[in-house]
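Trainee: Using the sequences and the accompanying hints, generate a full structural model.
Quick note on my numbering: the sequence shown kicks off at 10 and runs consecutively.
Note that these hints are calculated values from the structure, not bench results. Just so you know, even glycine gets a beta-carbon here, dropped at the ideal spot from N, CA and C. Some clues are possibly wrong.
What the hints assert, rightly or not - Computed Cβ-Cβ distance ranges for the label pairs, DEER-style:
1) Glu182 / Pro41: 37 to 45 Å
2) Arg75 / Thr206: 29 to 37 Å
3) Ser192 / Tyr73: 32 to 40 Å
4) Thr35 / Val243: 36 to 44 Å
5) Arg28 / Pro205: 38 to 46 Å
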Amino acid sequence: ERLSRGAADLAGAQSPPFRIWLEDWTVEELSPGEYRMQVEADGIRLDLLMSDRKGPIFQGDQGYSRKGSDPGNASYYYSLTRLESEGSVWVEGQEFEISGWSWMDHEHSTSALDEDQIGWDWFAVQLENDTELMFYHVRRADGSIDALSKGIYVAEDGSTTLLSYADGDYNIEVLDTWRSPNSEAVYPAGWRVTLPTLDLVIEIDPLVVDQEMDVSTVYWEGAVEITATQGGNVLRGFGYVELTGYESSMEGRF
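Mentor: Okay, here's the thing in structure tokens:
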């Protein structure tokens, strides 16, 4: 985690062309839909080129993603769900060439959580058939899932289908847990997600179980691998999961 200020041009953003910088960390638009990211920290350096293959996907109601009963408890939220990526990563001076698919989220809000909402479980999934999903559970203090929990399915052609937890469009079942030796928080560490309207079942496993982050907020965020079945076909994929409110409640913090 790095914090800086706009004074003396230490951090900032501009458009057009799109460019964001935080000291020597940068993300810039090279041409429409083409981006470059360069970051370095703690002996690791990343130089990544990304090409947007689907364009922006607007979450919720045309980008308005409501999280609570108060209309102000919401965010404006869009995703770039299919970024073809290649570049290099250096670990202690040794270079490794990398390629794959990236996902970019941009979300900004006033306040996002209601009273008695303590955290969220958020999932981003990229399947090998060129489809993607985003879905989440907002957890309440009594252990229930908030009815405003939502998601989206992105088809190969970029068309979208909104998903609603309250309408039974998806269900997330925890299959395993992991206790952090650092924070003592107990996190989910394996899931089965059933999406009956899509005839889709997804099993999700962490690539590495210890992906807890201790920054301004202690939470679990990291890479996962996917095995799915849809219409009798087996699909593989990868994804990303964010788990908050397990070390301490997020109520009143977002």
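Trainee: Taking the hints in turn, state whether each one holds.
Mentor: Structure-based check of each hint:
no.: 1; hint: Glu182 / Pro41: 37 to 45 Å; result: holds, 41 Å
no.: 2; hint: Arg75 / Thr206: 29 to 37 Å; result: violated, 21 Å
no.: 3; hint: Ser192 / Tyr73: 32 to 40 Å; result: holds, 34 Å
no.: 4; hint: Thr35 / Val243: 36 to 44 Å; result: holds, 40 Å
no.: 5; hint: Arg28 / Pro205: 38 to 46 Å; result: holds, 44 Å
Hint 2 alone, counting from the list given before, is not met by this structure.
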